Every structure is written in C-alpha cells, then in structure tokens.
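J.: Residues per chain, in single letters:
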Amino acid sequence: MSVRVGKTATAPAFPVAAKKAMQDDQLRRNVHHATSVIRGKRELRVAEMPDWQRLRDAGHAIKDHTLLYLDHYLEMFERNCERAGGKVHWARDADEANAIAIQLIQRYGGTEAGGIEAIKVKTMTSDEVQMNPALEAAGIHPYETDLADMIVQMGEDQPSHIVVPALHKNRHQIREIFIKKMELDSLGDQPADLADAARVYLREKFLRVKIGISGANYAIAETGAVCVVESEGNGRMCLTMPDVLITLIGIEKVIPTFRDLDTFLQLLPRSATGERMNPYNSLWTGVHPGDGPQAFHVILLDNGRTELLENERERETLDCIRCGACLNACPVYRETGGHAYGSIYSGPIGAILSPQLQSMEHSRSLPYASSLCGACYEVCPVKINIPETLIHLRGRVVRENQETFLGSIAPENLGMQLAAHLFTHPDEYEMAQSLAAIGQKPLMRGDLIGPLPGLLGGWTKFRDLAPIPSQSFRDWWKSREKQQHKEAR
Amino acid sequence: MRIALFVACYNDTLFPRTGIAVTSVLERLGHTVEFPMQQTCCGQMHYNTGYHNEALPLLRQFVETFRHAEAVCVPSASCVAMMREHYELMAQKENDEILLADVRALLPRIYEFSELLVDCLGLEDVGAYFPYKVTYHPSCHSLRMLHVADKPLRLLRKVKGLELIELANREQCCGFGGTFAVKNPDVSAAMLKEKTTAVEGTGASICAALDNSCLMQIWGGLHREGSPIRTMHLAEILAETEATQ
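So the protein lines, in turn, are chains A and B.
In terms of the numbering used here, the first sequence opens at residue 1 and continues consecutively.
In terms of the numbering used here, the second sequence opens at residue 1001 and continues consecutively.
For the record, the hints were derived by calculation from the structure and aren't laboratory data.
Since the structure is predicted, the reported quantities are computational estimates derived from the model, not experimental observations.
Any given hint could be a false lead.
The calculated lysine-lysine pairs, modelled on PhoX-like cross-linking and capped at a C-alpha distance of 25 Å, are [said to hold, decoys possible]:
1. A/K205 with A/K180
2. B/K1193 with A/K461
3. A/K441 with A/K461
4. B/K1133 with B/K1193
5. B/K1133 with B/K1160
6. A/K19 with B/K1193
7. B/K1193 with B/K1183
8. A/K20 with B/K1183
9. B/K1093 with A/K383
10. A/K41 with A/K383
11. A/K461 with A/K19
12. A/K205 with A/K181
13. A/K20 with B/K1193
14. A/K87 with A/K210
15. B/K1158 with B/K1133
16. B/K1183 with A/K461
17. A/K181 with A/K210
18. A/K461 with A/K20
19. A/K19 with B/K1183
Okay, chain B solo, but in the shape it has when bound (with noise of 0.2 Å):
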C-alpha cells in the first residue's frame, strides 16, 4: 500500500525521532510510504485557540496536499481529531462546497497511527522486540474524539519482551491542552504533578502515547523532577526488533 504520511508541524521540528519510527514500521511491513514536502501543519493550535479565521488556509493546503492519497498515516491523535471534528464544519461555515466535498472524500481515508496498523492494515504484531517496563497515557483525543479504545494497548501487549503496566487514573488529562499549558500555566502544572506521580508509581521506565505534545509536557515534567523515566511515542517503540535492541 502506498502511504501517505502527514507528520503534524511539531514532530516534524521537535520529533523527527517518531517520523522516522513511523516509516520504519510501515516500510518493514512492506509499504511504501511517501512524505509529500507541501504539507506543514492541520490548523488545530490556531483554531483550538480562537484564530479560525487564520486556521482556515491550513485546512485547505492540508487538503490540497493529501487529496489524492491512498491513505494517511498521522502519528498524533489530536491532528486527526481536528480533522474529523472540524474540517467539516469549517468548509460548511465558509459555504465552499468545493472544498466541503473535498473534505467528505479525504477524511474516511486518515488514519490516526494505531487506527492505520488495526483498522486498516488489519495488524497487531507488527515484528517489534522491547524489553522494558512500559506504561500508556491515553491522551484525551485519542480517548474522547477519536475512540481509538483499547488498539495501542494490543499492539503493545504483542511487542515481545514488553512488560505493560497499567496507569492509575489513566483518562485524566496530563494538563498540555495546547495553548492552556501557556495560558493557565499553574494548573497546567497542578494536573502535570498528579500525571507525574501516576507515571512515577508504575514502576514503568518507558511512558508511552500516541501525542507527542502530551509526552513533551509529561516528559518536562519527569525530567524537572529529576525522573529517569523516558516517553515514547508509540511509533518509536513498535520501530525497535532484536535487530535494533
């Protein structure tokens, strides 16, 4: 299968590592996987904050980018969760029915990076060796928006050598939400504090998710406690087999 793949603008600058996980995985597996270089960023930080206005050219080039895709692989739950709840209703406020059907027809075909190996490609032993202690954060997008359920945690339960341990109050918000990290930085860092703790008292030396703008405040928040505990995204531990162990 020929796979487009939408990195989303953070991974692209600050998570090459998860990018490269993603190719890795689809390419053992025996696809192709291309990265078309117009692509940049899906709106959601503009239009999550208010600027819909401004969110609306980034719709359209999202569009004019992926429009003839086979199918899109986005490792961020909460890229595809714009997609699917907005995009719709962005094109319908602006009356553009051109762009509306554009839209109808390209989003049955993103899939979030976990919904690409189960729903799509029909996996859950995708090959992968990590023998570590490993926790999962279900971010919010990926548990509320998308519905993802329980597929990351098959895929993990079938990387050999993983030990998966359950997080204590895992569906509570780590506190990142985007723009309110910044805007309400002190409860922000109140429910990063009690994420910590949860992800501290698993015993777990990887935490895992499938947004790496959860992982980076979960991290920031381990790393300033002085945690030795490492995030991963989900990509990256399902690209590691004895090979690269």
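Just chain A, with the same shape it has in the complex (with noise of 0.2 Å):
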C-alpha cells in the first residue's frame, strides 16, 4: 500500500518521536503559549453561543446523514458542478490526485522555460497527498500563500498543526527564515514587518503566477459550489486572480444544502480561531465569463475514506471539520507539538485519522498517543467521539498483534492474560495479592519500590512508588469479620 498520509511511513512510533520533540524547549514553549492564547479565545467565543451544544448536535447530524449517503450527494454534487461550467475528477489515491494535478496544470501551463509555476491556498489534503513533491518532481513549481503554510514550506519544514501550520515557530525563528529565502538585507522582528515582507513576496506572485491550487472547507451538493473560510485573504487571491483552479477536496467535505453551511460557519472559525466568523469566506460556483478563473476543476480524493464507511464507530471519524480544536485542548499535543505524531494530521484526530487511513500499517502506536481524558470530545464542534474511537482502534491492534506468534508471547500480551486469569479466579487472584507483597522485597529501595524492569520502568523512571501494604482491603474485611463473629459469640 502507498503512503497515504503525509511522512508516516517512514517516521518512528510516537513514544520515541515524542521523545525527541521534547526534548527542544523552545518548541515546547512555542507550542505552549499558542494552543493556550488559542483556547482562551475559543472558550470566550463560544461561552458566548447560548445554543452551542444544540449546534454541536447539528453539525454532527448532518454529517452522519451526508457520509450514509455519501454516493448520492458526490455524484449531485458533480452534476451541479459541472452544469455550473467545472470539471470534476475522481481520485482514487494520492498518486492519482497528483498525477490528475500535473496533467491539468502541464496542459494550461504549456512548458515555460523554467518550469510552470502554481500558487496555493492553505489545503491539508494537498499536504496528504504530498503534492507539492510530486509537483516539483514534474517540473512544476508550488508557492504556498497562507502565511503559515508559506513559512513551512520556506522553512523545508512539516506543518505542525491543522489550523496553524507554523504554530511551533516563533516570531524571531520565522524572521531568520525570511532574511534567508527572501535574501533581505534587514528585516525588523515585530509582527507587522514580517506580514510586510510577506505581503510583498506574495503580491508579485498572486499577479503574476496563472494556476491557482486550493483546498477546500466545504463542498455543496445542491449547487455544485465550493467554499474556502480563511483570516487572511491570500486564500481569496488564490482563488480570483489566476486564469486557471485546481481544487482537491477529500470526499468527506461535500454537505448537502447551501443552508448547512449556516451551521458549520458558526462552528468551524469559533472552533478554529475563537473568532466569531472567518474574516474570508469564499464560495464559488463554476466559472463566470471575465470574472475570476476561466477553468475550474476539482478533483475528489478518497484516499481510503470509503473504507471507513462501513463501520460505524470508524464512520464518525470523517466527521472531522479540520478545527484543531482538538489539539489545541489535547494535553499530549500540548507536549509534543504536532511533528511527533509522524503524520499530517496531528493531535487527538490524527492520532484516529492517520492510523484509519493507513490500515493500521505506519501507525500502531498513535491509538495510545493518548491519555483518554476526553478534553478532546469535549470541544469537539461535530462531537466526534474521539476516545471511543482509540479504544476502539486500540483493540483492533491488539487483535492483530495476537494473530502474530511474536505479538502473542510479547510481555504485554501475557501479562494481560495473567491478569484476566486472576480476576476471573478471585482465590487464585487473592494468592497473587499476598504474593506480591512478599514478592516486591527483592525490589524495595528504602521506603519505596526501586528501578522496575520492563515495561513498567517507565513508572518508576519519573515518578516514586509505594510498596503494596502487607494487608489487602480484603484481608481487613475478613479480619473484620472475624472479629465481628468472635464479639458477637
């Protein structure tokens, strides 16, 4: 199977990434202050929302009935699109969505000398499909325009976050990267100097640069339209002033109605950012005679989406509205930053999407990136019940680790065995409680347990442990009891 998702294939399991990733305080800081600056917002905003759980329901009812019928509403949406004067495509894989991409931009783009150019607006899926590799492998040249996405790519970097992609670089390291790959002479550190330098890099690109590539937020089926929410407006550039569009969307993204982008326009930027609304929402449909792209193809990307159709629990998964909400409340990602989860999609939804769009092969180890504490369901706008979901893929690991021989004599696996033994045997369960209170003397340092062996070295590597007490609560009770009969005799 091909690499679906960004670097998975090659990148270490989590504990081991994570590892590394915090071990670079500055990120680690970085990664701190913004999720909590972004948190702070988005709770303001949506205290705000006296219906906001009604909303959350909404949201997640209409992408329950869109994925059930999902065939329906792609192939309305293709009709409405094309009657509108687009063209639509259908990728099976991120080789196909790629190779549809070249073709497309080689036949506008005729061959320049120098190699054809593209400018792009902010899509994850492009970063799925790894596209901009692909691209420059053809000969073709990508310019990424939303800030973040632009610092990334200048910085020869991964995108660290769905929503802010830059979010684990600071003003100071994003400065040097500019001096760098802009070749200025000077360059001053405030805010408003690295957004003037960025505006006169991209201007020249927004009027020059004739194909456009963008992502997508929303896919209506109704109307054939397509709809991009951003802060920024190098997105609407994009979008208006090339002669030819390129939009690759993930089949999830289509919606019924042009009345559920009501929904979804509440809860995407209050989700997102903490703003009441995105300062750019763009929609188009087709294409319109001397105004805006003259072409317009999308192209729809499965990527092993319709694999997780079947099932329910993985059904809800597609949910996703691309938030980052639930990175941003998620106290491992919090630690970690994005790049540790080895896959574009980070946080509490990569750590479910990744491993489900990969079949489980790169990526066994994300399902227990995880401490279960919810916060992620919590805020989640289409309430996508993410630990569920890890419990759920947790057991699907497990279950094939066991069909394995290694999986199945791996010390987690007996000592799960031995456990359950035990607790479904109360006497023999009792007898390994005493014997391990005799059993952990060898192990004691002073007041404590010292270094454990194994897989519980990690315990007691951070953290101190007390020795079990010689007496069980069940040991009390039947002391107790004795006691009792005794005095009443």
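Grab the two chains, each in its own frame, and use the hints to assemble them into the complex.
T.: Written as structure tokens, this is what we have:
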C-alpha cells in the first residue's frame, strides 16, 4: 500500500518521536503559548453562544446523514458543479490525485522555460497526498500563500498543526527564515514587519502566476459550489486571480445544501481560531466569463476514506471539519507538538484519522498517544467521540498483534492474559495479592519500590512508587468479620 | 440502606485505606456495608488498552457478583465510567440479551462515592472534621464521563476545619491514563510535572481526588520532587472526625 498521510511510513513510533520533540524547549514553549492563547479565545467565543450544544448536535447530524448517503451527494455535487462550468475528477489515492493535478497544470501551463508555477491556498489535503514534492518532481514550482504554510515551505519543514501549521515557530525564528529565503538585507521582528515582507513577496506571485491550487472546507451538493474560509485574504487572491483553479477535496467534505453552511460557518471559526466569523468566506460556483478563473477543476479524493464508511465507529472520524480544537485541548499534543505524530494530521484527530487512512500499517502507536482524558471530545464542534474511537482502534491493534506469534508471546499480551485469568478466579487473585506483597521485597529501596525492569520501568524512571501494603482490603475485611463474629459469640 | 462495596482491584491491593474509609463513613451514617468476596476488577485496564475480548469475562463476573445489590458504591470514578460508558455496548456487541438486560438493570444502582452521598443519600455534611489545607484534583473520568460536577467540592466544603484551595488549571489531565503512563512515560511525566507544579502552588498540605490511580501518579511525582504534600482519596478525608484527629 502506498503511503497515504504525509511521511508516516518512515516516521518513528509516537513514544520515540515524542521523546525527541520534548527535548526541544523552544518548540514546547511555542506550542504551549500558542495553544493556550487559542484555547482562551475559543472558550470566550463558545461561551457567548447559548445554543452551542444544539449547534454541535446539528453539525453531527448533518455529517452523519451525508456520510450515510455519500455516493448520492457526491454525484449530485458532480452534476451541479459541471452544469456551472466546472469539471470533476475522481482520485482513488494520492498518486492519482497528483497525476491529475500535474496533467492539468501541464495542459494549461504549457512548457515554460524554467518550469511552470502555481500558487496555493492552504490545503491540508494537498499535504496529505504530498502534492508539493510530486509537483516539484514534475518541474512545477508550487508557492504556498497561506502565511503559516509559506513559513513551513520556506523553512523546509512539516506542518505541525491543522489550522496553524507553523504554530511551533516563534516570530524570531520566522524572521530568520524570511531573511534567508527572501534574500533580505534586514528585517524587523515585529508582526507588522513580518507581515509586510510576506505581503511584498506574495503580491508579486498573485499578480504573475496563472494557476491556482486550493483545498476546500465544503463542497455543496445542491449547488455545486465550493467554499473556502480563511483569515488572511491570501486564499481569496489564489481563488480569484489565476486563469485556472484546481481544487482538491476529500470526499467527506461534501454537505447537502447551502443552508447547511449556516451551521458549519458558526461551528468552525469559533472552534478553530476563536473568531465569531472567518474574515474571508469565499464561495464559487463554476466559471463566469470575464470574472475569476476561466477553467475550474475539482479533484475528489478518496485515499482510504470509503473504507471507513462501513463501520459506524470509524465513519464518525470523517465528520471532522479540521478545526484543530482537539489539538489545542489535548495535553499530549501540548507537550509534544505536532511532528511527533509522524503524520500531516496530528493531535487527537490525527491519532484516529492517520491509522485508519493507512489501515494501521504505519501508525499502530498513534491510538495509544492519548491518556483518554476526554478533553478532545468535550471541545469537538461535531461531537466526534475521539476517546471511544481510540479505544476501538486499540482493539484492532491488539487483535492484529495477537494473530502473530511474536505478538502473542509479547510481555504485554502475556501480562494481560495473566491478569484476566486472576481477575476471573478470585481465590487465585487473592493468593497473587499476598505473593506480590512478599515478592516485592527484593525490589524495595528503603521505603519505596526501586527501578522496575521492562514495561514498568517507565513508571519508576519519573515517579516514586510506594510498596504494596502487607494487608489488602479484603484481608482487612476478613479479619474484621472474624473479629465481629468472635465478639458476637 | 444495604450498600455493597465494589472497592476496585487497585484499591483492594494498593490502597486498602480507601475501602476502610468508605466503610467507616457509610457505617457512621447508619448504613450496612457489604463486601462480596467474588469481586475483582471492572475490566477497564483491559478494555482501554484494547484487550476487549479479555474484558468481557470481567464484566460478566461483575454483574454476577452485584446483580442483587440494593446499591453499589465504587470509590473510583474511572471504574464507574467504564461501567456506564462501555458495559451496555459490550453486551450489545456480544448479542447477549440476558447480559444486556442484567447490565441495564444494574447500572442505575451503581454510584461513585460522592454521587452515593449527594445524589442517593442526599447528604453534603457527613460530620467530618479535618483541620488542614486541601486542594482538589477533578480526575478526567469524574469530570467528563461521570459529570460529578461540584459534588466532591460540596462535600469538602462541609468538612469542619478544612480549608479548600482552588487548583490552577484543575481540569487538565494528570498524565496517568492507565497504561498510557507506561507506554508513553516521557509525555506522561511532562503532564505530571504541570500538575505537581500546580499542586505545589496551592500551598495545600493535601491533594484529594475521587481516583487513587490519578493520586498514585500525583503522589509519585510530588514525592520524587521531595514535596511533603500528601494525597488522599475524598473518602479518607470524610472518614476523619474529631475523635480520629
């Protein structure tokens, strides 16, 4: 199977990558600061909505319904999009999506000396299919125009957050990247200085480059329209200035009607950036002579999504509207940042989405990258039960492990089997309790348990552990009963 | 009232003082406590780690042990969360109609300790006396799965002599998460560090919670840092009276 979600195939397991990421104090400070600012804004904007819980239910219901009848709505979208002058392409996987994009760009761009250029508005889906490396390999230069994506691209880096891809960088680091890549002699490090530099750099691209590539937040089946929401206006430039617009959309982004936008345009900005409304909400339907791009192509991407439709628990993952609220709420994400997840989709949603899109091949550690604290579920604007899905996926990992010889004799599996046996045989369980209280003596260092070997070593490395008391509760209960019995006689 | 105690396997083995405290509080309030000896574990460790087949017999054993109880008291929010969130689903998946009916009949009689006192027995003042500064960590399962809200705080506020101090960022996970602490020790330790820093910042001498699992983690971190702050289950504080002080 091809790699489906970013660079996960070569990524180390989460605990290993997390340990490395956590050694970067600057990164951790940046992530902590940025997530707490966004969380604060989100809380404020959610609190002023008296019907927030009902909106969440509505969002969930629309998504549920759409996914149940996905084929119907996708075909409806295709019909209406093409009626308005667009052209719809279907891509089974990343390679097909990139091949379609490259073919289109070459068709419209011809063979320019020095290669063809394209400008891009922020799109996670193009990161998912690794479009930029594919374009470059075909001699096409893609320019990211979303400020954060531009920083990531210039820094030869990977996005670390769904909404704020450069969240792990502070402005001093960004200044360094700009000076180097824009070949500037000097540059201040105030937000306005950085924004000015980016504006000058990007304006030249907007005015010159003739091909635009975008993602989309919503594809509306009823009208064939496509919607992008953003904060900077760079997206709007990419959507309106070029002659040709190519839009890549995951098939789960379709919504039935124009009215459904009402729900999502309230849920998304509040959850994502703590804004009442996105500063720019762009909708376009097909092509219009003399106004905007004159050729409009939509690539509808599957890339593993239809495999999730069958199972109710797994299907719910496709409800995601990519707001990133679960990342900001997640204590694990806040300690490690996004790169530790080894996938373009990080945080709690990445921990369930990536393993499913990859049939668990490359990311079996991700369902365990959570303490199941439930903070992600609490903030999810479309009520995806992420903890429950994590547990479901853990079940799959365990069952697949148990089917292999090495997995069946692994210490964790043996320990769990033993524990399950003892828990269903109370007499043996009681005996094991007393044996453990005696057996721990060689492990004792003073009043505490010393460093433990194997699986449990991670505990004693960072925390003290008190020994098992000599009398269990049931021992205490039995001796009390005996005493009461004696007194009664 | 006859109240059956499900003490939870790790309380039974590692924190017997919590079960003793629950017994003491309930008997002091005039209730009869029973401890069915067949009980062991609710199955949460297995279930949450992905050992779903292995958790099912534990569910059956729990139901068998407590099916006739008038009320079941559980001094562990995470075990109650396991029962409420997963038992019905597990029985449904097994297509076991009898088990499903038993689970549905039993679940409404299962109470987390603070729920039992406040919701079932209608109490806030249980006559406790504990003249110390206490801070309270709301464990994730008590907060987001059981929604116990401010019940534990209402109980603590009625304890004579007790000074309750607010914990900063109190709703943030302590980093325990069952096998998470073992599988992701570095991340867990970083989350713990934030929690212990907040606990130490309160100036309290005791940190209380409804889950000894979280408290084992928090104590482990505090003690490693040389902090004298102790951890106590809510039941242990409520068991204290002027006579015991």
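J.: Give a verdict on every hint.
T.: Each hint tested on the structure:
1. A/K205 with A/K180: It holds: about 18 Å lies between the C-alpha atoms, which stays within 25 Å.
2. B/K1193 with A/K461: holds, 13 Å
3. A/K441 with A/K461: holds, 19 Å
4. B/K1133 with B/K1193: Within the cut-off at roughly 21 Å; holds.
5. B/K1133 with B/K1160: holds, 12 Å
6. A/K19 with B/K1193: Between A/K19 and B/K1193 the Cα gap is close to 15 Å, so the pair holds against 25 Å.
7. B/K1193 with B/K1183: Answer holds: B/K1193 to B/K1183 is near 17 Å, not above 25 Å.
8. A/K20 with B/K1183: Satisfied, since the Cα-Cα distance of roughly 15 Å is no more than 25 Å.
9. B/K1093 with A/K383: Holds - the C-alpha atoms of A/K383 and B/K1093 are around 22 Å apart, at most 25 Å.
10. A/K41 with A/K383: Holds: A/K41 and A/K383 sit about 20 Å apart, inside 25 Å.
11. A/K461 with A/K19: Holds, at roughly 14 Å.
12. A/K205 with A/K181: holds, 15 Å
13. A/K20 with B/K1193: holds, 18 Å
14. A/K87 with A/K210: holds, 18 Å
15. B/K1158 with B/K1133: Since the Cα atoms of B/K1158 and B/K1133 sit roughly 14 Å apart, the hinted pair holds (cutoff 25 Å).
16. B/K1183 with A/K461: Holds: B/K1183 and A/K461 sit about 13 Å apart, inside 25 Å.
17. A/K181 with A/K210: Roughly 22 Å separates the two Cα atoms, so the pair holds.
18. A/K461 with A/K20: holds, 17 Å
19. A/K19 with B/K1183: Holds, because 12 Å separates the two Cα atoms, which is no more than 25 Å.
Figure legend: structure checked against the earlier numbered hints; every hint is met.
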